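With chain A's structure known, arrange chain B on it following the hints.
Each protein sequence line maps, in turn, to chains A and B. Residue numbering for the first sequence follows the UniProt record's numbering, starting at 1 and increasing by one per position. Residue numbering for the second sequence follows the UniProt record's numbering, starting at 1 and increasing by one per position.
You can trust all of the hints, since none of them are fake.
Cβ-Cβ distance ranges computed for the label pairs, FRET-style:
{"#": "1", "chain 1": "A", "residue 1": "V23", "chain 2": "B", "residue 2": "L191", "range": "55 to 63 Å"}
{"#": "2", "chain 1": "B", "residue 1": "H35", "chain 2": "A", "residue 2": "A10", "range": "46 to 54 Å"}
{"#": "3", "chain 1": "B", "residue 1": "H35", "chain 2": "A", "residue 2": "R2", "range": "50 to 58 Å"}
{"#": "4", "chain 1": "B", "residue 1": "Y320", "chain 2": "A", "residue 2": "S187", "range": "54 to 62 Å"}
Calculated cross-link-like contacts (lysine to aspartate or glutamate; reagent style DMTMM-like; alpha-carbon spacing at most 20 Å):
{"#": "5", "chain 1": "B", "residue 1": "K126", "chain 2": "A", "residue 2": "E179"}
{"#": "6", "chain 1": "B", "residue 1": "K296", "chain 2": "B", "residue 2": "E243"}
{"#": "7", "chain 1": "B", "residue 1": "K43", "chain 2": "B", "residue 2": "E77"}
{"#": "8", "chain 1": "A", "residue 1": "K90", "chain 2": "B", "residue 2": "E77"}
{"#": "9", "chain 1": "A", "residue 1": "K90", "chain 2": "B", "residue 2": "E76"}
{"#": "10", "chain 1": "B", "residue 1": "K151", "chain 2": "B", "residue 2": "D131"}
{"#": "11", "chain 1": "B", "residue 1": "K231", "chain 2": "B", "residue 2": "D216"}
{"#": "12", "chain 1": "B", "residue 1": "K126", "chain 2": "B", "residue 2": "E138"}
{"#": "13", "chain 1": "B", "residue 1": "K97", "chain 2": "A", "residue 2": "E179"}
{"#": "14", "chain 1": "B", "residue 1": "K231", "chain 2": "B", "residue 2": "E26"}
{"#": "15", "chain 1": "B", "residue 1": "K124", "chain 2": "A", "residue 2": "E179"}
{"#": "16", "chain 1": "B", "residue 1": "K151", "chain 2": "B", "residue 2": "E139"}
{"#": "17", "chain 1": "B", "residue 1": "K330", "chain 2": "B", "residue 2": "E317"}
{"#": "18", "chain 1": "B", "residue 1": "K43", "chain 2": "B", "residue 2": "D232"}
{"#": "19", "chain 1": "B", "residue 1": "K273", "chain 2": "B", "residue 2": "D307"}
The hints are simulated quantities; they were obtained by calculation from the structure and are not laboratory data. Values in this document were obtained by computation on a predicted structure and should not be read as measured data. Beta carbons are placed, not taken as given, at the ideal position from N, Cα and C, and that holds for glycine.
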Amino acid sequence: MRRLTPYLLALPSWMWLAIFLVVPLAAMASVSLQTGNVIDGFVMTFSFSNYGDALGTYSTQLVRSLGYGATATAAMLLIGYPVAYWIAFKGGNRKSVYLFLLLLPFFVSFVLRTISWGFLLADDGILLGTLKGWGVLSADFHVLATSFAVIAGLTYNWLPFMILPIYVSLERVDPRLVEAAQDLYASRGTAFRKVVLPLSLPGVFAGVLMTFVPATADPVNAQVLGGTGNTMIGNIIQTEYLVNNDYPTASALSFTLMAVLLVGIFVYARVLGTDNVLEAAAR
Amino acid sequence: MAEQSPPHTPPQTPPDTPTDSAIELEGVVKEYVSHGEVVQAVKGVTLDIAEGEFFSLLGPSGCGKTTTMRMIAGFEEPSKGVIRLHGRDVTDVPPNKRDVNMVFQSYALFPHMSVWDNVAFGLKQKKTPQDEIKRRVEEMLAIVDLTGREKRRPREMSGGQQQRVALARALVNRPRALLLDEPLGALDLKLRQAMQLELKRIQREVGITFVYVTHDQNEALTMSDRIAVMKDGLIEQLAPPREIYERPATTFVAGFIGTSNLLSGTATGGVLKLGGGRVLVPGREGEVAVTVRPEKITLTTQEPASDVSALPGTVSEVVYLGTYNSYAVKLADGAEITVFEQNAHDATVTAERGDSVWLSWQAQHSYVMGS
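Chain A with its partners taken away, still in its complex shape:
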């Protein structure tokens, strides 16, 4: 009995995974291979061509999504790392206040936040309107409905997910290691490069995973901030499901996206695996 207890304790989680992950995935896999329409119903025909058709039609959006996701992730890393570093090493006894401020936006719904960004960036909104009034910007300058607006929105919305894991790994770095490096003739810059940065890489790794995947698949930012020319794969899947009721195409696209992301993550983990990076840093 005692030996079984750990497994019994884990049972609810396993059931959760089975019911809410495995079953829907299996259902979606099945739908992605069916043909038909919403009126006559869908039948299983093992139509693998669904994948080829969907990809052929929407490859532009898929590639664009990966590009936007990657760019936003890079931007988040550039903005987020210094913030995490500052909170971890200079936050003093106000660390928890700063972390709370970081999470404050989550008290407002994701969609509402994105719409607020729409207001901020509107052609005659607070920001652009004022600048145009001062004559700093020309009257036809706009940010909304550009790829910049979408990437900025993605960056804004997922930034905390980049900062938090990096913060956690930096927080664990003993400041005495930096002193030891300086004691051994390393400048501040070298001490950071040789000691702090390598030790924070697990956090960077987690942060990139936690932001790249949702940013790539996100439909809201492109819809609210992107206008018509910046549709991402998430918007297509949403439209296929909810507007066109073409469930097989939507499922096939979802699976394709998942596969691409999984392969990406796998390659990323192999190439940039934390162990390899640590080895390289020690050289």
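Relative to the frame of chain A, chain B by itself:
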């Protein structure tokens, strides 16, 4: 026939008087602002540590010994005063430009690097040629007895091994002085004693100045050429171990180093009358404080001769400690005196709990402080 002088032999022991100083501190003060108030961690320390000396900063936690060492290393900047390393003013020089290396309290080994990379770190930063790095790291690992463990990560090693990696990482750079911040604090007693001897040996071998921070008086007494006993940011006494132990300058030093018995009162005609007995304090008058080490006191059942200090009392505790017995003796005025008696002859004790005894010691073993 004139004896030929040997071709340049290095001095075996450091000179008693500092001939050329490795580290000088002059009126060094360190102030912090904490909760809006200025706190002085170090209140004015002046030191002169000789080349090749094993120098200890000893004191309880919060006495400023670690802050003093961190200022020598360059991690803290003094609020006032001057620090010189080999005559060069380094008060404003950052730690990476100082020719001293430090062994940290918890070692601060780089967890993501192998033993080899940890030890080679400083040499790489100094752009030492590859073959020289290889030779010196190998040599250093041999000295600390870690040959064959180059590829290990610090977390895969025992505390004693990590300690030796930390030592090697600092010493491989051949610093002109090595700073050690309670380096043995995390080790168990046996290992600590072994490492004390090991450190002494290594210091003799490499012949550089060691500055050692510790709160452990035994460690300081065992290893040091000189000890600075610190309290509340000031040096209470700076002297060789024997002098610190035999002639403590203040009651604090007497109490902090070893066990000591403190007696005080008013002396008249060179004698301090206490609870039916006498303490000889030749040439002293008025308020005095006397320290006596427990091992200097003889415990007898008969009244001793009149030319020694003698106090009557009752044994309240006898503890058998292997090499010696420890007695607690209560005096008539309620004060308790500790006496150590060597187990030189047999396992019997001179007195049992409850026995009336006499304590006596030679006048020269009374160390008199104060007026």
